[in-house]
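Once you have looked at the hints, place chain B on chain A.
Sequence order for the protein chains is A and B.
By my numbering, the letter at position 103 of the first sequence is numbered 92, and the numbering carries on one by one without gaps.
Each position in the second sequence, counted from 1, maps to that position plus 16 in my numbering.
Bear in mind the hints are in silico, worked out from the structure with no lab data behind them.
Even glycine gets a Cβ: it sits at the ideal position worked out from N, Cα and C.
Fair warning: there could be bad hints in the mix.
What the hints assert, rightly or not - If the Cβ cut is set under 7 Å, some of the chain B residues that face chain A in the computed set are:
#, residue
1, Leu28
2, Ile31
3, Pro160
4, Leu166
5, Leu168
6, Gly271
7, Leu305
8, Tyr309
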Amino acid sequence: MSNSRLPRRESVSTQEVRQSLMRPLNERFIKTWRIFWGHRLGRVGFVGLCILVLIAVFASWLAPYGQSELTADALAAPGAQHLLGTDHLGRDILSQLLYGSRISLMVGFTSAFISAFIGVIIGATAGYYGGWADELLSKVTDVALMMPVFFLILLVLTLFGSSLLYVMIIIGFTIWPSNARLMRAQALTLRERTFVKASRLLGESNLNILWRHIIPNGLQPVIANTTLQMAGAILTEASLSFIGLGDPNLSSWGRMIFEGRGYLTMGWWATLFPGFAIVITVLILYFVGDGLNYIMQPDRRSGGLS
Amino acid sequence: MLQFIIRRLIGLVVIVFIVVVLNFMLMHLAPGDPISILAGVDHPSQTMVNQLRAKYGLDQPLSVQFKRYVGNLLHGDLGRSIIYDQPVSKLIGQRLPPTLLLTLTAAVVSLVLGILLGTWSATELGSRFEGVISTVSYTFYAMPAFWLGLMLMLVFSSILDILPTSGMTSSRHSYVGLMHWLDVAKHLVLPVTTLILIETPVYYRITRTSILQSINSNFVTMLTASGMKESTIFNKYVLKNAILPTVTMFGLRLGYVITGAALVEIVFAWPGMGRLTLDAVFRRDYTLLMGVYLAVSISVGLMILITDVVYAYIDPRIRYE
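Just chain A, same shape as in the assembly (with noise of 0.2 Å):
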């Protein structure tokens, strides 16, 4: 063993090494969109969800109206003054519903992202040291998917008052399990694999295993879960505030339903086109989600709905 000739080699053997794991990689991103972006439904989903996303944005610019604004006429009918008609305080529904994407797309995403950082830890921790560790976490798990957490969310945010920020942590504290299941089953076939056993023998201690091998190789079903649970997210703000518990600063698609209700008859224009925000929202997120399940398929001959 030459000794000295070692660190020179070894300088450039690390920009070779840094350079084929770089390509790969990109290669693997490019490979992976390619086939996302074969898929109808996802790329349906990728262009809507870009939208929103710019549309929560520029809320303030598209809005022709301000965002509580209280114009004249109160339950105008959808016309050239008011495209989408106004509710009983005579507020702009398109507006109102344009500035009210950027609560229910906070929400998803804030909800979604807890979730997903309490399912991955639990799940990972869960199949990863299996033993009795799994076995109490995966029947915490299975309760907590089963139960109806609803009315728990209900009975925290009555005793502790309703803010958004309460709302988004306490949905994102219960809709967790299908994320620590997930991450469970990919920590199980994880652990048994090569690498992982020979960073074991290495030395490396079993939470960096956790963290830099087993967390990140087997975030992809999470990631497309995570897709999936904003759209749960948001379906469960707006069942909040239907029964009043959503922030009441803030009008949100849900608080339009839950206010417009009461004039159903006389504005149903106040109760549909947030209704429809919502269902169009939610179907994005889910033919996102499609796309992403898309790719893990090893067989993408069908559209695999579930």
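Coordinates of chain B only, in the frame set by chain A:
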């Protein structure tokens, strides 16, 4: 089988205990004080506050309160609703049956409908019918139940005027016997339809996917090679295997269905748990809300238990897990 049921029952007890502990913890973590609301806002006298505290047992240490809470629950006493000034168990006892009627009718009909549509569309893959059903199911799956309820109400009650808007029975007539049940059925149509439209897609999709999966599995190829008739393979083997995930889903969805039912009840003024929940939320009646949460959890737990038993009956593998 008996062992299996006992094991599941123990699981149910554990779940109920967790819900009880959660309830109790939340109640004592929460800010705010029902007594100050009860006593009125304008300078309640200390004697009155003390009296009210003593009346509801809020002056005792936590451990004593928890023990008493659990003890009371075991006697079927869920506390007293502050807004109705009635025992919570009585209120829930009145409101739970209509909710369960709604939930179970919707869940079972959706399951059957979903399996039928899913099977049909799996055999007609790529046809026009399959495309339409898949799109429609996707759309309904994306809808908030309460909004769909409102829209159905708008169309069928307000515009077409063929179905009653709200309630469980007509308020103008008081029917008896068969007429009474017909009246209830008529009021049930819209809320149940709403829930069915939302729930069917779930079963439709999972049935469709699992049938497609089991059609492509090896044992089907094998049976086909053995010369068995295709319809026999499908009815006797493919369907039987494909139904199992759908039944699993049924248990998983019950919690969602009862939630959806509660929201739809609010829309249609169905005299069930939904209305009770709404009142409790609006007037901050924690005792009632906790009772509702507990009752709903136990109901769902029991329904899941029954589903599990049925499942174990269909699929012997489960019994010996």
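Query raised in the report: Broken hints, numbered, in rising order?
Result: 1 and 5
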